[in-house]
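Colleague: Chains A and B supply the protein sequences, listed in that same order.
Residue numbering for the first sequence follows our numbering, beginning at 1 and increasing consecutively.
Residue numbering for the second sequence follows our numbering, beginning at 1 and increasing consecutively.
Certain hints may be false.
Far from chain B, some chain A residues (derived; all Cβ distances over 12 Å) [said to hold, decoys possible]:
no.: 1; residue: Ala7
no.: 2; residue: Glu210
no.: 3; residue: Tyr258
no.: 4; residue: Arg264
Taking lysine-lysine and the DSS-like style, the derived pairs with C-alpha atoms no more than 30 Å apart in a straight line are [as the list claims (entries may be wrong)]:
no.: 5; chain 1: B; residue 1: Lys109; chain 2: A; residue 2: Lys245
no.: 6; chain 1: B; residue 1: Lys299; chain 2: B; residue 2: Lys251
no.: 7; chain 1: B; residue 1: Lys299; chain 2: B; residue 2: Lys51
no.: 8; chain 1: B; residue 1: Lys51; chain 2: B; residue 2: Lys40
no.: 9; chain 1: B; residue 1: Lys40; chain 2: A; residue 2: Lys40
no.: 10; chain 1: A; residue 1: Lys245; chain 2: A; residue 2: Lys40
no.: 11; chain 1: A; residue 1: Lys40; chain 2: B; residue 2: Lys251
no.: 12; chain 1: A; residue 1: Lys251; chain 2: B; residue 2: Lys109
no.: 13; chain 1: A; residue 1: Lys109; chain 2: B; residue 2: Lys245
no.: 14; chain 1: B; residue 1: Lys251; chain 2: B; residue 2: Lys109
Hints in this document: simulated from the structure, not taken from any laboratory.
Idealized CB from N, CA, C, for every residue including glycine.
Number of protein chains: 2
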Amino acid sequence: MTKPERASLQDYLAERVQAIDGVLDRWVPEESIEPASIHKAMRYSLFAGGKRIRPILAIAAADSISDAASGVEHAAATLELVHTYSLIHDDLPALDNDDLRRGRPTCHKVFGEAIAILAGDALLTLSFEVLSRIEHVSAAQKIRLVEELARAGGTVGGMIGGQVNDLEGERKNATPALLDSIHRAKTGALLRASARVGAIYAGASEEQLEAISRYGEHIGLAFQIIDDILDVQAPSEALGKTAGKDEAQQKITFPAVYGLERSREMAEEERVAAHAALRMFDDRADRLREIADFIVQRKT
Amino acid sequence: MTKPERASLQDYLAERVQAIDGVLDRWVPEESIEPASIHKAMRYSLFAGGKRIRPILAIAAADSISDAASGVEHAAATLELVHTYSLIHDDLPALDNDDLRRGRPTCHKVFGEAIAILAGDALLTLSFEVLSRIEHVSAAQKIRLVEELARAGGTVGGMIGGQVNDLEGERKNATPALLDSIHRAKTGALLRASARVGAIYAGASEEQLEAISRYGEHIGLAFQIIDDILDVQAPSEALGKTAGKDEAQQKITFPAVYGLERSREMAEEERVAAHAALRMFDDRADRLREIADFIVQRKT
């Protein structure tokens, strides 16, 4: 018997995106269900061609632990619900005031601010409902997933905390320590949690979970460094969101603190460290390794 | 031995408020923890002298089932976290645009809209973290509580759904059916869930849970009818929020649809039905009975 040919990363990602979108479509109420406007707004923001990097991380992390993490895409989808809620709220006029997201007008531009606020609230709420209703795992595992998601999304070292620091941070006071703490929390916490959700779902040992967490931290930082670099370099059409906003809003970014060249080196260092964190895993973790490379090489 | 003297409802409520506030104080990060502004905002809105009716309902429901529902105040407190998040978001300029809440300037008036939005998000997120970390109950019960809270707070028959209908409803199209559906969802779902959370925590049988749910529905409706009446009748100082807003905003209310007199009769009917729902319970449910009376008789 010859080993079956391995799908390219591109095909792997495309397949997973399809699976995740299918799951999201099942969990989010149809647009025909009342009140229709909120379900339309939730779906508008959710099905806008996102890369689904967080759920894919969860699935790939589960696959690194076990061949048979059946149904992991349901737990994985909750990360996209939380990510999308955070985008909707971050884009509001009172926060980043963004008109463009994933290549389309932002949620509040289309549905108004009131519905956008409530659509974000609803996606966050739904993420926990989904975790309470997933199958194939024990109640104890589900509760660990609830705690993981809630902490990663919270104020102390979590996504909301990072968002507050980001809002309140001013370029003139930028220090490497502040930059690090903002991004570890703002994007890092949910990316780390994404990998951990998959590992917990698949029944990882504490040692495996620890390794997956370190992997998640490194790719989280790499992801944010690249995001900051792309905001400077890529055109809005490629990003699907307004480019150059960081500069315009005097945000604390890696290029602003370290310069472009050093920022690129740092992203590469994080990529290498992410690979090192996976040393204990066999080739079942190869997708996680490829995703680390992909995150650093991406152009949008 | 003589039976120990039973505390008055007023003393019972005051004691429970103190216990709940103590628990909330333990779960919500201190104001000194970074980022400080978000924790200040969360605490500002949470510790503003709320009546804690939802957590008290949960505790009283648990007490109706079992004498020994140790630690129920932690699960109960999550209802106040969710309730407070909903008040902060509802008060935002894009929604009800309220300046006064619980007798003080609203969260966004003090901390700005961005922090108010994030403080609401954070309270909602924290409610699920708390449920994942409570003690004394099984993981299976915790997961049921997560599902209960998420559904009650959600879009389909839940709090957000009711809020959307309320925002989009216009007085001129007010029908009894629309009024009923708005309030069953907007305030009713969380009040019903409050009673259910306590019952689930205390290990209620399905039959007991069903009875408690019906009780919760009736007092939920009674609560909203009285709220609508008070908005017409009570001065702002007594309510701690802007009176007469419903009229000004052309909200669909019970007095607007049925008139004041019929509204008062309806509240009384709901009170009686709440008592009837508790028929299977012994005198351990007396506090629930008294709370039903209190809800209809309250003046603020």
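Colleague: A separate judgement is required for each hint: does it hold in the structure or not?
Modeller: Each hint, compared with the structure:
no., hint, verdict
1, Ala7, "holds (35 Å)"
2, Glu210, "holds (20 Å)"
3, Tyr258, "holds (23 Å)"
4, Arg264, "holds (29 Å)"
5, Lys109/B - Lys245/A, "holds (27 Å)"
6, Lys299/B - Lys251/B, "holds (21 Å)"
7, Lys299/B - Lys51/B, "holds (13 Å)"
8, Lys51/B - Lys40/B, "holds (20 Å)"
9, Lys40/B - Lys40/A, "violated (34 Å)"
10, Lys245/A - Lys40/A, "holds (28 Å)"
11, Lys40/A - Lys251/B, "holds (23 Å)"
12, Lys251/A - Lys109/B, "holds (25 Å)"
13, Lys109/A - Lys245/B, "holds (27 Å)"
14, Lys251/B - Lys109/B, "holds (23 Å)"
In summary, the structure is inconsistent with hint 9 from the numbered list given earlier, while agreeing with all the others.
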